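If you want the building blocks of each chain, they are given just below.
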Amino acid sequence: MSHEERDEDLVRRSAGGDRSAFGILVERHERRVFNLALRMTGREEDARDATQEAFLAALRKLSSFRGEAAFTTWLHRVTVNACYDLLRKRQRAPLLDRLPDHEPEPPPSPDPADLTALSIDVQRALLHVSDDYRAVMILHDVQDQPYEEVARILRVPVGTVKSRLHRGRVALARALGETLPARSAEPSARPEPSESQGPRERPEPSAPSDEAKSR
Amino acid sequence: MTHPEELLAGYVDGTLIESERAVVNTHLETCEACREEVELSTRVVTVLAELPDEPVRLGLTSPVIAELDRRTAHPAWWRSKLQWAAGLAAAAAAIALLAVGLPHLGGEPAAERASKGGLTATGSTVPGPTAPEVSLALVPLEVQHVDYGDVSKLQALADQSADREMNDLEAAGSPTPSYKTATAEAAMSCVAKAAGDGLTSNDTLVRLIQAKFQGKPAYLGIYLERPGPNRQPNQVVIWVASKACQLLSFASKVI
Chain A
1 MSHEERDEDL VRRSAGGDRS AFGILVERHE RRVFNLALRM TGREEDARDA TQEAFLAALR
61 KLSSFRGEAA FTTWLHRVTV NACYDLLRKR QRAPLLDRLP DHEPEPPPSP DPADLTALSI
121 DVQRALLHVS DDYRAVMILH DVQDQPYEEV ARILRVPVGT VKSRLHRGRV ALARALGETL
181 PARSAEPSAR PEPSESQGPR ERPEPSAPSD EAKSR
Chain B
216 MTHPEELLAG YVDGTLIESE RAVVNTHLET CEACREEVEL STRVVTVLAE LPDEPVRLGL
276 TSPVIAELDR RTAHPAWWRS KLQWAAGLAA AAAAIALLAV GLPHLGGEPA AERASKGGLT
336 ATGSTVPGPT APEVSLALVP LEVQHVDYGD VSKLQALADQ SADREMNDLE AAGSPTPSYK
396 TATAEAAMSC VAKAAGDGLT SNDTLVRLIQ AKFQGKPAYL GIYLERPGPN RQPNQVVIWV
456 ASKACQLLSF ASKVI
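If you read the protein sequences in the order shown, they are chains A and B. Number 201 in the numbering used here belongs to position 201 of the first sequence; there are no gaps in the numbering. To convert a position in the second sequence, counted from 1, into the numbering used here, add 215.
Just so you know, these hints were derived from the structure itself, not from any lab. Please read these numbers as outputs of a predicted model, since none were measured by experiment. Hints are not guaranteed to be accurate.
To be verified - Here are the computed lysine-lysine pairs in the DSSO-like style, where the Cα-Cα straight-line distance is at most 27 Å: (1) B:Lys458 <-> B:Lys368; (2) B:Lys431 <-> B:Lys458; (3) B:Lys427 <-> B:Lys458; (4) B:Lys368 <-> A:Lys61; (5) A:Lys61 <-> B:Lys427; (6) B:Lys368 <-> B:Lys427.
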């Protein structure tokens with residue numbers, strides 16, 4: 001698209017005092033940033049706060065983007081960090097003692113009409129997984145960021161991203177318990193894990209803390 | 216049993232090369248725990264990929280735009296939030312680059328260099344290869360690909376310096392690896408050595424930058440000089456040192 005000016009150019013223009021350039025950056029990235037924060041925190045008000053903090057930080061730091069990391073990488077990093085801060089500050093008891101099969105909870109998203117029942121369950125279960133695991137799953141599995149970009153955003157080695165991804169997925173599956181849908185019939189493009197893999201018994205639901213199990 | 220944990224995510228994602236896949240397949244033949252995890256992961260990945268993208272509500276970023284407008288209308292407003300930052304910004308706005316030294320400056324007596332730059336030297340000299348005894352707060356070393364041999368860039372640097380002092384969300388969340396903290400101390404010592412007795416215990420290091428000066432690698436130390444014995448009122452001083460710790464340039468401005 002001809003009107004798609006590169007982020008780096010917009011950042012440069014913004015740093016030079018071009019108001020509209022920063023407005024374009026906000027418009028371009030707000031949805032992705034908001035959704036990252038929403039999945040990380042599970043609450044719209046926190047997601048809104050984290051989104052605003054991320055962009056305000058970007059505004060303050062415009063001059064330091066010159067020739068450094070990509071704007072999007074930086075923006076995602078600041079967003080994740082803002083979420084970590086919010087989660088630390090607002091340690092809410094419901095996040096710690098909920099189990100997926102407990103009584104119905106108020107939906108984490110303020111707009112449940114837009115969510116399927118499953119996505120509400122998934123969002124709730126995500127909050128039972130450790131922040132570090134959750135971050136890699138949201139960035140990679142939900143937002144389709146490659147391992148390498150996730151590593152840059154979180155400033156951890158790629159191997160760590162992969163390990164966290166695997167552990168996080170298993171932890172999330174266990175947190176979802178019975179609500180995790182069975183595997184779809186068609187194998188898709190993914191390789192079959194093993195020829196002996198038939199439909200398996202779902203494992204016993206385990207405690208959320210099991211996500212940190214040692215291997 | 217050792218589990219190929221780093222490979223399992225890629226196995227589920229289908230991103231492994233053939234040899235890696237073979238390793239995992241062999242492992243899965245004998246490891247029921249991993250087979251189970253791969254099964255669970257595969258199901259979870261499908262679910263996560265289907266999570267809906269929520270639309271943003273109108274006005275989500277209104278505070279950001281409001282702040283943007285405020286800065287556009289009053290570019291200096293935000294700088295007054297921090298007292299010293301205000302001083303630094305004022306200095307940046309009217310900074311007089313009283314001296315732009317050349318590499319040969321390194322051989323001059325430090326006090327003479329300082330007086331050329333409008334600095335008020337204390338007269339206490341600490342000659343020799345060691346850095347002067349000054350009390351400096353260690354700050355991270357920033358790495359920039361900028362050549363500060365250009366006077367206007369030095370001025371822009373002062374603007375950035377004020378920026379740095381604002382509430383830094385990034386730093387609050389996690390360390391910033393683009394800063395080479397391991398080498399910050401060496402860079403700080405180098406700048407201090409180059410500055411010689413132009414530095415005193417009343418000087419506070421506020422930024423430390425690794426960049427270039429006239430094409431050569433250089434360290435820039437930005438100091439805030441607070442009132443003290445035998446000193447002028449606050450001033451901003453930027454010392455530019457070569458990697459061999461020779462003074463390349465400096466700029467100062469009484470606030």
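Now the hints, each set against the structure:
1. B:Lys458 <-> B:Lys368: holds, 20 Å
2. B:Lys431 <-> B:Lys458: It holds: about 9 Å lies between the C-alpha atoms, which stays within 27 Å.
3. B:Lys427 <-> B:Lys458: holds, 10 Å
4. B:Lys368 <-> A:Lys61: OK: lysine 368 of chain B and lysine 61 of chain A at ~17 Å, within 27 Å.
5. A:Lys61 <-> B:Lys427: holds, 21 Å
6. B:Lys368 <-> B:Lys427: Judged against 27 Å, a Cα distance of about 11 Å means the pair holds.
The structure fails none of the hints (numbered hints given earlier).
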